[in-house]
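J.: Here's the letter readout for the chains.
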Amino acid sequence: GQQVMQIPQYQHVQEGEDFTTYCNSSTTLSNIQWYKQRPGGHPVFLIQLVKSGEVKKQKRLTFQFGEAKKNSSLHITATQTTDVGTYFCAFRTGNQFYFGTGTSLTVIP
Amino acid sequence: NAGVTQTPKFQVLKTGQSMTLQCAQDMNHNSMYWYRQDPGMGLRLIYYSASEGTTDKGEVPNGYNVSRLNKREFSLRLESAAPSQTSVYFCASTEGAGISGANVLTFGAGSRLTVL
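The listed protein sequences correspond, in order, to chains A and B. Under my numbering, the first residue of the first sequence is numbered 164, with each subsequent residue one higher. Under my numbering, the first residue of the second sequence is numbered 28, with each subsequent residue one higher.
Honestly, the hints are just simulated from the structure, not real lab data. Heads up, some of the hints might be wrong.
[Unchecked claim] Think about it this way: if two alpha-carbon atoms lie no more than 30 Å apart in a straight line, the pair counts; the simulated DSS-like pairs of lysine-lysine are:
#, chain 1, residue 1, chain 2, residue 2
1, A, 233, A, 199
2, A, 219, B, 98
3, A, 233, B, 98
4, B, 41, B, 84
5, A, 233, A, 222
6, B, 98, A, 199
7, B, 41, A, 233
8, B, 36, B, 84
9, A, 220, A, 233
10, B, 84, B, 98
11, A, 233, A, 219
12, A, 214, A, 199
[What the hints assert, rightly or not] Computed spacing ranges between beta-carbons, pair by pair:
#, chain 1, residue 1, chain 2, residue 2, range
13, B, 111, A, 230, 38 to 46 Å
14, B, 79, A, 179, 44 to 52 Å
15, A, 181, B, 47, 26 to 34 Å
16, B, 79, A, 193, 24 to 32 Å
Remember, it's a predicted structure, so these values are computed and weren't measured experimentally. We put the CB at the ideal spot given by N, CA and C, even for glycine.
Chain A with its partners taken away, still in its complex shape (with noise of 0.2 Å):
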């Protein structure tokens, strides 16, 4: 089935230092998203591309789409306390979405 690998699983970070995680899939897809989940709660979307090579920034967050479109990258500048929970990229085909396995991140203050 259709699904994207995403690493590192787990990620503990002094607060300060940077951090990413990568989404790959083996086949070409026609759009990829974010998603954050807190530490007990739901997941929240930050950011959709389309493009190749597409490039999104949000304050400390930089969202990569590859030039084949079959990976897709989240670098935090600076890692916050607040930046503490699980990443996912997702994407849609049709009406269906599916999840990457996610990137946990631990931020030690």
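Based on the hints, put chain B in the right spot on chain A.
T.: Quick look at chain B alone, frame taken from chain A:
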């Protein structure tokens, strides 16, 4: 504006018991979804309803049934619960494919189910 509301938030069942998880959205969305979340496995799609009157299987439909009661409500039923169905269940909704806009999912707060 409540968004997506799920009930119950917590439930403990014995093996073989049945129960229904309820979901309602007030955003006039066409499409609704049920996911389960297990450690290390991300969010897996159980069933979805692209529009009122239709339902389709997702990645892991076995052991579940769904009903799209009306445009607002989408319920998930476990007819005979098994320990493997212990999980956190999320309902989500979106405007629907072909509708202008970002077409992103809005999630409910989740229902934590334990089957003993």
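J.: Now tell me, hint by hint, if it's right for this structure.
T.: Against the structure, the hints:
1. 233/A with 199/A: Given pair residue 233/A, residue 199/A holds - Cα atoms ~21 Å apart, limit 30 Å.
2. 219/A with 98/B: violated, 34 Å
3. 233/A with 98/B: Violated, at roughly 34 Å.
4. 41/B with 84/B: Between residue 41/B and residue 84/B the Cα gap is close to 25 Å, so the pair holds against 30 Å.
5. 233/A with 222/A: holds, 25 Å
6. 98/B with 199/A: holds, 27 Å
7. 41/B with 233/A: violated, 43 Å
8. 36/B with 84/B: Distance ~24 Å between residue 36/B and residue 84/B Cα, so the pair holds.
9. 220/A with 233/A: holds, 20 Å
10. 84/B with 98/B: holds, 18 Å
11. 233/A with 219/A: At roughly 17 Å apart (the allowed maximum being 30 Å), residue 219/A and residue 233/A satisfy the hint.
12. 214/A with 199/A: holds, 21 Å
13. 111/B with 230/A: 38 to 46 Å: holds, 41 Å
14. 79/B with 179/A: 44 to 52 Å: 49 Å Cβ-Cβ, so the 44 to 52 Å window holds.
15. 181/A with 47/B: 26 to 34 Å: violated, 45 Å
16. 79/B with 193/A: 24 to 32 Å: holds, 26 Å
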